[in-house]
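If you use this note's numbering, the sequence shown corresponds to residues 331 to 747, in order.
Wrong hints could be hidden among the right ones.
In silico PhoX-like pairs for lysine-lysine, Cα to Cα no more than 25 Å straight-line [to be verified]:
1) K358 to K561
2) K622 to K674
3) K488 to K504
4) K561 to K529
5) K437 to K492
If you are wondering where the hints come from, they were derived from the structure by calculation, not from laboratory data. Given the structure is predicted, the values throughout are model-derived calculations rather than measurements.
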Amino acid sequence: MNSNSRKTPWEYESIYVGRQPVFDSDLKVSGYELFYRSDAKVPSAMFEDGEEATLNVIQSAYLAPFADIKGNNFLMVNFSFQALENQSPFALPPGTTIIKLSGHADKNPRRIKAIHDLKDQGYRLALDGGVMECARWKDYMDICIIDALTPDLKKIMKRADKIHQAGLTLMAKKVEEQEHFKLLKEAGCDLFQGFFFQKPETVRGTNLSTHQIMRLKILQLLQKPDPDLNKLADLLEKEVSLAYRILRYVNSAHFSTPVEIKSIRHALAYIGINNLKTLLELFLIKSLNPRKKPSELPFTSALRGRFLEITAREHPEFSNQADTLFLLGLLSLLSAIFDMSMDKILESLPLDRDIKDALCGRPGPYLAWIELSRAFEEADWEKVDSYVELLKLDPAKVAVNYSRSLAWTRDFFEFNS
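Full structure from sequences and hints, please.
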C-alpha cells in the first residue's frame, strides 16, 4: 500500500508520545489520554518537572495524529496545579480536551479562578487524587479518577454513589484484568483505562464462528511461501463483505490504479499477491474481531504491525524481515480477540518458530520488538529506552515512526469504518 510521505510538523520533533484509550461500560472508546516524554534522546529521569514536558506537548502534540479526535471522543492531558495557575491549558482546544489534575492542592483564589475560567471556556476537568480528594473538589471537577490497583478499592467503590450524586463521572485507571473491569462496572464505575481489553476472557468451551474459521484459513493460506491464488480467490469470493471492502479499497486513491479492479481475481492478477498481502492481512484481522470486543483490539494490532515494519526497514540487521515483523504485530492480540490461548490459536497457522515464540512471550530474536511496541502503549519510557538500546535503534526515528504508524493506521480504519 502507498503511504503518505508528506511530513507534518510533528515529524521534526523527537518526542515520545503514547496514547491510552478510555472506555465506557460498553467497551466503546470515549477518548484517549496522552502520555509523553519531551525528548526521545534524553533519559526519563531528566524530566521530573511535569510542567516542562506538558508545555512541550502543548506546542507539538496537537499537530500530530495523536490529537485527531473524532466525534464526541476526548483527549485527556495531565497538568500540574501550578500549570493551571499559569493558564497553560488554554493552549489546548476546549470541548474535546479534558484537563487532568493530579495530587493534593489547596483551594487558593488564583487556582479557583483558573478553574472557573477553564470551565467557562468549555473545558472539563478530571482529578486523579482518590475519592476523598475528589470530595473536597466536587464543586469544581467533572471526573473523579480512582486507582483500580489500590488495596482499599472495595471500600472506595462503596462511595461511588456519593460521587455520582455530586454530579461527577467515576473513572478507574490501571484496570489490568477482565475481572477487575467487571467488578468496577458492577460497582458503578463509568469510565475505564488500562490494558484489561488486551487480555483474553476466561470462557469455557470457546469456539470459533464459521466466519472466523474461514478467515483464519485465508490467513493460513497467505503465510505459505507460494500461495495457491485460485484457492485464495475462491475463499475470498465466498466472503462477500470482505471481498467488497477489499475491492473498494484497491479502487480508492490509496492504490491509484489506472483501471477499475472489478473482481478479486482481477486484483490478484493486476496488483499481485505481494502488493495485496499486507492489505489482506489487515482486513482479515479487522474482520476477525467479534462485535462484543472493542475496536481498539484490531486497531492496536495494526498499529503495532506498522510500527514494527517501518522501524525494522531502517535497521541493518532486520530490514529484510520487515514483513515478518508487520505480521508479528498484527497477530499479537489474537488471544484477546478469540479468548483463547495463543498456543492453541497458532496450532493452525504455519508460522516460523521464532514468530510463534515471540507471540507466546518466549525468548527469541523477535521478542524485544513486540515488547518495544507494548512499552510505547504503556508509556513506560524506561522500558522503551532499554529496548531501543538493545535493538540499536535511533530514539528520535523511533518516536517519528510511532507517530507515522498511528497516522497510517487511523487513515486505514477511517476509510474502512
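Verification of the hints:
no., hint, result
1, K358 to K561, "violated, 37 Å"
2, K622 to K674, "holds, 21 Å"
3, K488 to K504, "holds, 19 Å"
4, K561 to K529, "violated, 34 Å"
5, K437 to K492, "holds, 21 Å"
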